[in-house]
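Just so you know, the protein sequences line up as chains A and B, in that order.
Residue numbers for the first sequence, in the numbering used here: 1 to 551.
Residue numbers for the second sequence, in the numbering used here: 1 to 551.
A couple of the hints might just be wrong.
[To be verified] Computed far set for chain B versus chain A, every beta-carbon distance over 10 Å:
#1 Leu119
#2 Glu274
#3 Ser278
#4 Glu280
#5 Leu378
#6 Leu429
#7 Glu434
#8 Glu502
[Claimed, not checked] Chain B is faced by these chain A residues, among others (derived, beta-carbon under 10 Å):
#9 Tyr399
#10 Gln483
#11 Ala486
Simulated from the structure, these hints should not be mistaken for laboratory data.
Given the structure is predicted, the values throughout are model-derived calculations rather than measurements.
Quick reminder that beta carbons are idealized off the backbone N, C-alpha and C, glycines included.
For reference, the chains in residue letters:
There are 2 protein chains.
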Amino acid sequence: MKRKHSLIPLGGVGEVGKNCLLLECGEDLILIDAGVQFPDEELPGVDLIVPDVSYLAERAARLRGIVITHGHEDHLGGLPYVLNQIGSRTPIPVYGSRLVLGMARARLEEHKAEKLCTLHEVDFGATLQLGHIAIELFPVGHSIPDAAGLIIRSEAGIIVHTSDFKLEEMPRLGMRRLRQIAREGVHLLLSDTVRIESPEPTPSESVVADSLRDILRGAQGRVIFTTFASNLARIGSVLTAADELGRFIAVAGRSMERNISIAREGGYLTVPDELLISIERAERLPEHRVVLLTTGSQGEPSSALGRMAIGEHRQLRVRKGDTVVLSATPIPGNQTTVSAIIDNLFRAGARVFYPPVTPNLHSSGHASRQEIGQLLDLLRPHYAVPMHGEYRMMMLFRYLAEEHGIHPDRVILPEIGRAIEVEPDTVRLGRTVESGAVLVDGLTVGEVDGIVLRDRRALANDGVLVVAAALSRSTGRVIRSPQIFARGFPFDRDGSFLADAEGRVSHVLTSWVEREPEIRILAEAVKDSVAAFVYQRTRLRPMILPVLTEV
Amino acid sequence: MKRKHSLIPLGGVGEVGKNCLLLECGEDLILIDAGVQFPDEELPGVDLIVPDVSYLAERAARLRGIVITHGHEDHLGGLPYVLNQIGSRTPIPVYGSRLVLGMARARLEEHKAEKLCTLHEVDFGATLQLGHIAIELFPVGHSIPDAAGLIIRSEAGIIVHTSDFKLEEMPRLGMRRLRQIAREGVHLLLSDTVRIESPEPTPSESVVADSLRDILRGAQGRVIFTTFASNLARIGSVLTAADELGRFIAVAGRSMERNISIAREGGYLTVPDELLISIERAERLPEHRVVLLTTGSQGEPSSALGRMAIGEHRQLRVRKGDTVVLSATPIPGNQTTVSAIIDNLFRAGARVFYPPVTPNLHSSGHASRQEIGQLLDLLRPHYAVPMHGEYRMMMLFRYLAEEHGIHPDRVILPEIGRAIEVEPDTVRLGRTVESGAVLVDGLTVGEVDGIVLRDRRALANDGVLVVAAALSRSTGRVIRSPQIFARGFPFDRDGSFLADAEGRVSHVLTSWVEREPEIRILAEAVKDSVAAFVYQRTRLRPMILPVLTEV
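Let's have the full structure, built from the sequences with the hints guiding it.
So, in structure tokens, the structure goes:
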């Protein structure tokens, strides 16, 4: 069934993370992926960012289902939040591979959101007919098993959406489908671009596995191994190497435990039961028989490895003789925390292997510039849209596409909330829908806004001064002299600075009494006066909160 | 004159930045370098970090001088602060190359600290006799001209301090001196380790110059060029290329202007006067005749380039047709801001060349692992101390030294404030002196402490709630019902949350009235009650400031 399709990115374009793409065809809507994004220091205190799906929520009855391409956080992790936002009265069907559904189930249980959807396993190669939309999932190479790309047939022609992929280790079936589809002719390609800044393909997982085996073989004592908890390929490699070398494996870190358990249940990791042991048992075995598999590859201070490194883990502690392997590269923004954890591990007496100092310790799940070029040559699409990348990556994709014979005008740079209208003779940006980021902080969802963030940044920079005074409601006179409380603000230890500022406030209050101002106006005057005094003496701009009590 | 020497690092070991090494020999003290460090997000609001030189301040009369090895911020930038801390009644002699002194003069003027010291130019190869300490400066390769390493003769033997260096482009005189000294025998080597994680030497400056020339030649419109303002070698390369290709150069950004002017005065940049033009003039020339040389290579939002990219520069704006060249790699921690600026430049319509996407755009000033190995082979020191590196870099240095035949016990890992005692038969860690970091925030120096920082982090995470109420001093009754003001804290927009919390406070105040508690105890009870309520409802922990006024 071919009909006019619109693609509306609700996240994951012009940014890395919270992938979420709405597919609209007539009355039918399908959501592809529901990812989260992790905040950087520009969003102080924020725990998570999820896509704003208001547009979809207003059309919930038309939503035929949610398709999740693979089990990574930036594709799956926002599912409970998205389901809650949609607020559908009937459960929404969610489609994906067995592994995706296993991981989705864990997430939904955590958020008590199981009843908001029904889970449906999809086989690669089968066509999923959702309303008038036909989608086929094909397997792509990525750092988690059963990752899918999508083939969507529209009235304008075939749309291929790679989602996250690399050609290195592309499953044979996926490669075959791409070749077949290329022969049919591809109207529009949506391509992963996150690693387009790297010219070369990543080493293959088998090269990494060899390198890990060598380190394990050379280690005298315990080996502590960390990678992304979602990198089941890597986890498989280290389990195999440990098994071969007669080491047992204990797992530390909740997400690592959970993913291994889901992967084993789904048959994605075939591990003899006796290989996996408890931490207690590992602590009793000779050190050269032990591998600890832990979370913390991004330097998270609260991860198992982060705590072990500084002696704050309940059971485990890194010690002299340990070999620690970081089998992951820092995500941009995490470089400093990863460096800090490596420093702590060395301080604790371990020998640490980490990239790029030790080569071949990590294989990325994403296509390099060269691989994206190969994909363009293979599919020769009429139009292309760079996905899952920041602005510069989308521009580099446009330059690359031009090198591969695609006119720059046929590379559409997507925007969040802006429909990509797919028509037979063109693909173009169309209407704009409500969209954006929903910030999660503690139990609050969507309540942290621009004002809260602006205030947090101001508070972080120069702290806060609370200026308290009590005034008589009848005479306006000061009945309790002003007091200033400072937090996060540096003042001289002898206290004369705050006393001077309090004197200023007294002066303002008494000089204004005759004018009988409204309390709000008086509060503004106090604030301005303190701000000017503080700035002149310190060049700092703390937040100033006047609390004038009339009694 | 040979005597027992102690080396006391006051900064720049186990960290990158604020290099500062005290040399003690009998009654004589010499300070080597007085650098600053730039804070990361762990130190919110802090402007600068400088070494704590209290130990030296207490012994100011014994200080024979300050030697600055080169003009970078992390070696020179803390000079005014250090001089102020020392508080000597007589001006302290400061020694360095002509370029160092030019840059020092600018810094001192900025801080009105010219009278705290006297400046003395030193020639390479000459021996500086300061009290009983004899120091020779020899030229090293680095990303600023006239960078010096030091040769110090002690009773135990020769100490070589490389300061920042690379062997690539090592001046012939420096190389010759190292060879001569190697023949005499080196007792102790202090070596730069900051780039030990990179296996390979950096491309030479001439390769970078070629690459820049190619980009300039290919550019149709304006070229906007940025690098570290202190990288005079790179600035020289771009000036030469522009001159050859018939382009004029306008400079934007205060530190870039200042450094170019100092370098020209000192004869370090030989540029025909007519090549450098004003921004006004550049704006009137045809675009293909213009190079703009700007600050902002680390993505600083307030830099000339940062403002130009988003249209907030007073005179300049990046536009379609511009070619922008970032000739620097991001310092760890700056990756995100650099990416953001590149995104903004592309958005503004420019074509952007940046590493590593474009190769050979940057040459580091520091020795790679391989070059450090070469230095170890050349000098074959009895003992070695890794400097200017974080803990893991110092450990990698120890491993590398072992590969080059130096026993790990002979590699001493230095600590800030811990003396390295240099004796004929050993080099070892000795006594500990007062030391640490002095935080500069606005005009305050040393007043931001652990408590201020802890409060700032808490404020940034979850904001602040000010809880105000007035009580009767005689009866203890509430005479002004509680009010809560929130900043940086997300609450529901209908306000019911804060109203509920205020209700809680009323309840606490009325239920405590009979017990006639001290106001402090009552304030604690209010705080605990609000904290518990807020946490239960939101899982957040804002800072809670009770302001109870008794009237």
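Kindly indicate which numbered hints from before are broken by the structure, ordering the numbers from low to high. Hints that this structure does not satisfy do not exist here, as all of them hold.
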